[in-house]
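Please put together the full structure from these sequences, using the hints given.
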Amino acid sequence: MKIFNKTIVIAMALPLALGSMSAFAGQDHHDGMKKGHHGGKLFSQLDLTATQKQEMKTLRQANRSEYKALRAENHKVMRAEQQQLEKLVLASNFDESAVRAVAEKMSQQQVERRVAMLEQRHKMLNILTPEQKQKYVELKQQQSEKHFMRLEAKQHH
Numbered sequence: 001m002k003i004f005n006k007t008i009v010i011a012m013a014l015p016l017a018l019g020s021m022s023a024f025a026g027q028d029h030h031d032g033m034k035k036g037h038h039g040g041k042l043f044s045q046l047d048l049t050a051t052q053k054q055e056m057k058t059l060r061q062a063n064r065s066e067y068k069a070l071r072a073e074n075h076k077v078m079r080a081e082q083q084q085l086e087k088l089v090l091a092s093n094f095d096e097s098a099v100r101a102v103a104e105k106m107s108q109q110q111v112e113r114r115v116a117m118l119e120q121r122h123k124m125l126n127i128l129t130p131e132q133k134q135k136y137v138e139l140k141q142q143q144s145e146k147h148f149m150r151l152e153a154k155q156h157h
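Everything in the sequence shown is counted per the working numbering, starting at 1 for the first residue and increasing by one.
Keep in mind that a hint or two might mislead.
With a Cα cut of at most 20 Å, we get these calculated DMTMM-like pairs of lysine to aspartate or glutamate [unchecked claim]: (1) 133 / 152; (2) 133 / 73; (3) 105 / 95; (4) 135 / 145; (5) 41 / 145; (6) 123 / 73; (7) 133 / 47; (8) 57 / 119; (9) 76 / 119; (10) 135 / 66; (11) 140 / 112; (12) 76 / 112; (13) 76 / 66; (14) 41 / 112; (15) 76 / 86; (16) 123 / 145; (17) 123 / 66; (18) 57 / 47; (19) 105 / 81; (20) 41 / 55; (21) 41 / 138; (22) 133 / 145; (23) 68 / 112; (24) 140 / 47; (25) 68 / 86; (26) 123 / 55; (27) 87 / 66; (28) 53 / 119; (29) 53 / 104; (30) 105 / 86; (31) 135 / 152; (32) 105 / 138; (33) 68 / 145.
No lab work stands behind these hints, which were simulated from the structure alone.
Here it is, written out as structure tokens:
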């Protein structure tokens with residue numbers, strides 16, 4: 001019975017978790033370097049040339065058009081999958097294989113969104129000079145360390 005209850009909780013929480021992660025992925029994918037939370041502050045500290053700034057802007061604009069086209073479709077698909085999971089969870093008999101199939105499909109879609117986001121970041125980072133890339137790595141590491149220190153401080157309170 002415990003396994004059944006855990007499975008139900010996971011099945012109910014999975015769409016919420018994936019939905020929020022995809023929202024973050026979509027936001028990161030969509031905004032590129034505009035927002036500090038997603039790298040804008042880092043890029044602004046790299047002393048980009050006018051040409052580099054224009055190349056970054058061009059990449060963001062191309063990405064924005066593609067993102068807008070896919071966003072509506074992704075929301076429809078995610079809503080349908082969440083409804084499908086809800087029906088499976090509310091059924092009188094739990095169909096683990098059906099739940100697993102939907103969950104795996106949702107996970108694969110998340111992977112695809114993550115890959116697209118990282119491909120965009122790769123393109124942006126390849127605009128940088130080797131020195132700028134090194135500085136980006138250092139700044140990213142500092143940012144990561146600050147983030148984990150804040151998390152640890154929250155956990156101790």
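Here is how each hint holds up against the structure:
1. 133 / 152: violated (28 Å)
2. 133 / 73: violated (35 Å)
3. 105 / 95: holds (16 Å)
4. 135 / 145: holds (15 Å)
5. 41 / 145: Holds, because 16 Å separates the two Cα atoms, which is no more than 20 Å.
6. 123 / 73: Violated: residue 123 and residue 73 sit about 25 Å apart, past 20 Å.
7. 133 / 47: The hint holds at about 11 Å.
8. 57 / 119: Roughly 16 Å separates the two Cα atoms, so the pair holds.
9. 76 / 119: Outside the cut-off at roughly 24 Å; violated.
10. 135 / 66: violated (30 Å)
11. 140 / 112: violated (24 Å)
12. 76 / 112: Holds, at roughly 16 Å.
13. 76 / 66: holds (17 Å)
14. 41 / 112: Answer violated: residue 41 to residue 112 is near 26 Å, above 20 Å.
15. 76 / 86: holds (15 Å)
16. 123 / 145: violated (25 Å)
17. 123 / 66: holds (15 Å)
18. 57 / 47: Answer holds: residue 57 to residue 47 is near 15 Å, not above 20 Å.
19. 105 / 81: holds (9 Å)
20. 41 / 55: At roughly 17 Å apart (the allowed maximum being 20 Å), residue 55 and residue 41 satisfy the hint.
21. 41 / 138: holds (13 Å)
22. 133 / 145: Holds. Residue 133 to residue 145 sits at ~18 Å (cutoff 20 Å).
23. 68 / 112: At roughly 16 Å apart (the allowed maximum being 20 Å), residue 112 and residue 68 satisfy the hint.
24. 140 / 47: Holds, because 15 Å separates the two Cα atoms, which is no more than 20 Å.
25. 68 / 86: At roughly 27 Å apart (the allowed maximum being 20 Å), residue 86 and residue 68 break the hint.
26. 123 / 55: Holds - the C-alpha atoms of residue 55 and residue 123 are around 10 Å apart, at most 20 Å.
27. 87 / 66: This hinted pair is violated, its Cα atoms lying about 32 Å apart.
28. 53 / 119: holds (18 Å)
29. 53 / 104: Not OK: residue 53 and residue 104 at ~39 Å, beyond 20 Å, violated.
30. 105 / 86: Roughly 15 Å between the alpha carbons, so the hint for residue 105 and residue 86 holds.
31. 135 / 152: Given pair residue 135, residue 152 is violated - Cα atoms ~26 Å apart, limit 20 Å.
32. 105 / 138: violated (36 Å)
33. 68 / 145: violated (33 Å)
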